[in-house]
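Asker: Sequence:
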Amino acid sequence: MKKNLIATIYLKNGKLVSGFNDYTEQDDLMERIRLYNDNGIDKIYLFDLSDNDAEHELNLHTMKEINRVSEIPVYAGGNINRLEDIKKILYAGCKKAILNPVKDVTAQLSKEGAMRFGKETLALSIHNVDLFFKQKEAVENNTSELIVLDPALMGTLGNVTDMSYSMILTETDNESICKALQSDDTINGISSKTISAPDTDIMALKAYLKEQDIETGHLETSCEWSEFKLNSDGMIPVIVQDYKTNDVLMLAYMNEEAFYTTLSLGKMTYYSRSRNELWTKGMTSGHYQYVKALSIDCDKDTILAKVSQIGAACHTGKRSCFYTDLVKEEYKEKNPLEVFENEYNIILDRKLHPKEGSYTNYLFDKGIDKILKKVGEEATEIVIAAKNPDPEEIKYEIADFLYHMMVMMVDKGITWDEVLEELSQR
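Residue numbers for the sequence shown follow full-length UniProt numbering, beginning at 1 and rising by one.
Simulated from the structure, these hints should not be mistaken for lab results. There could be a bad hint or two in this list.
Calculated lysine-lysine pairs in the DSSO-like style (CA-CA distance at most 27 Å, straight line) [claimed, not checked]:
#, residue 1, residue 2
1, Lys64, Lys244
2, Lys355, Lys374
3, Lys95, Lys119
4, Lys374, Lys395
5, Lys306, Lys292
6, Lys412, Lys15
7, Lys210, Lys2
8, Lys374, Lys412
9, Lys412, Lys387
10, Lys119, Lys244
11, Lys351, Lys334
12, Lys136, Lys2
13, Lys318, Lys306
Please construct the entire structure, taking both the sequences and the accompanying hints into account.
Answerer: Next comes the structure, spelled out in structure tokens:
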């Protein structure tokens with residue numbers, strides 16, 4: 001079974017705080033989530049520490065923002081008293097809701113939640129075995145996973161249930177983490193303050209665990225270095241691409257050590273031909289390239305790396321090294337996202353720099369009510385056009401609708417990135 005390294009975060013008044021009983025505010029929450037996306041964390045546990053409905057709603061809003069940014073599963077618990085609370089957590093984008101067995105309502109809630117949303121959407125936190133025994137049948141029937149909050153239970157749950165579980169440790173050294181992951185066949189992951197800390201090298205921890213024969217989802221290659229066709233210097237060129245935008249960022253070279261170091265660190269590492277040394281991109285500048293995917297071409301002589309680029313890829317400070325045009329023909333952009341972005345930016349420019357006679361500026365001048373009226377009219381036109389067997393009219397009306405929708409987006413300050421992040425959660 002693959003073992004997960006899990007980050008735990010705590011929310012109080014919509015902010016990231018230190019722990020269950022420590023409300024000291026921590027660093028920027030969304031930056032922390034972005035770091036977890038890149039540094040090898042497998043899962044996030046989120047505990048809502050709200051003590052009233054208003055704060056609970058605020059934390060639910062923050063959960064939505066977290067899930068728009070997070071690329072890894074988020075489980076959330078805290079202040080779950082009604083079926084509606086489970087629904088809101090799941091609708092906020094969380095993979096599972098974490099129930100608290102101490103509450104009298106939990107047994108009934110787990111049953112109702114499993115019937116409504118499926119047992120695979122529910123986990124249960126446990127503090128002691130007695131509570132588990134009292135509700136064992138209901139727990140096993142209605143929830144899919146246990147989250148153990150008391151390290152003293154290490155190695156005991158496997159004797160009483162086959163349910164998979166993870167554990168939140170107080171000890172933070174590598175040996176304690178290793179011991180916990182080897183304590184039971186049904187343990188699927190570990191969380192601790194060290195694992196959650198932003199300065200912890202998670203990939204190094206995974207490399208250590210791999211040495212102890214613990215499978216953690218460490219980066220593995222389907223082709224060994226010996227299978228690659230190398231250039232005359234014994235290296236292979238690497239084309240580096242932004243994993244979100246597909247922008248080509250740079251070209252560099254790897255030798256065998258650089259290739260396997262990249263897999264070990266989870267950060268792009270190259271061989272500098274000018275300095276004759278290994279270099280991990282970002283080690284001095286902070287502009288790391290976190291590995292998202294590596295592919296080999298049909299001849300096995302070039303690697304394509306898709307990365308999460310922090311800051312600029314080019315030493316000049318440019319995002320990409322390929323910023324100088326040599327030859328450029330005029331052409332009509334066909335990439336859908338580029339078309340949307342270009343149109344959006346033109347509309348935004350009209351708002352910031354009004355142009356006389358512009359229909360877009362006419363809409364902005366008339367205000368949101370006029371814009372919404374046009375959005376509604378164009379939506380209706382799509383419905384009418386869809387009754388027509390000729391698809392050409394539908395295309396025209398959809399384009400009209402999208403234009404007016406983008407005017408509304410600009411007016412409300414909503415970007416395509418935000419819409420696509422929301423769509424990716426569906």
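Asker: Against each hint, give a clear statement of whether it holds in the structure.
Answerer: Hint by hint, here is what the structure shows:
Between Lys64 and Lys244 the alpha-carbon distance is near 20 Å, which keeps this suggested pair within the 27 Å criterion. For the suggested pair Lys355 and Lys374, the alpha carbons sit about 20 Å apart, so the restraint of at most 27 Å is met. With a C-alpha separation of about 12 Å, the suggested pairing of Lys95 with Lys119 holds against the 27 Å cut-off. Of the pairs offered as hints, the one joining Lys374 and Lys395 holds, with about 17 Å between alpha carbons and a cut-off of 27 Å not exceeded.
Distance restraint check for Lys306 and Lys292: the Cα-Cα separation of roughly 5 Å lies within the 27 Å cut-off, and the hinted pair is therefore satisfied. Distance check on the hinted pair: Lys412 and Lys15 sit about 25 Å apart at the alpha-carbon level, within 27 Å; holds. Restraint check: the Cα-Cα separation between Lys210 and Lys2 comes to about 11 Å, which is no more than 27 Å; the hinted pair holds. Of the supplied pair hints, the one linking Lys374 and Lys412 holds, its CA atoms being roughly 15 Å apart against a limit of 27 Å.
For the proposed pair Lys412 and Lys387, the alpha carbon gap of about 32 Å is over 27 Å, so the pair is violated. Distance hint between Lys119 and Lys244 is unfulfilled; the C-alpha atoms sit about 33 Å from each other, more than 27 Å. At most 27 Å may separate the alpha-carbon atoms for a hinted pair to count; Lys351 and Lys334 meet this at roughly 25 Å. Taken as a hint, the Lys136 and Lys2 pair is honoured in the structure, with Cα atoms around 25 Å apart against an allowance of 27 Å.
Our distance criterion of 27 Å between C-alpha atoms is met by Lys318 and Lys306, whose separation comes to about 18 Å.
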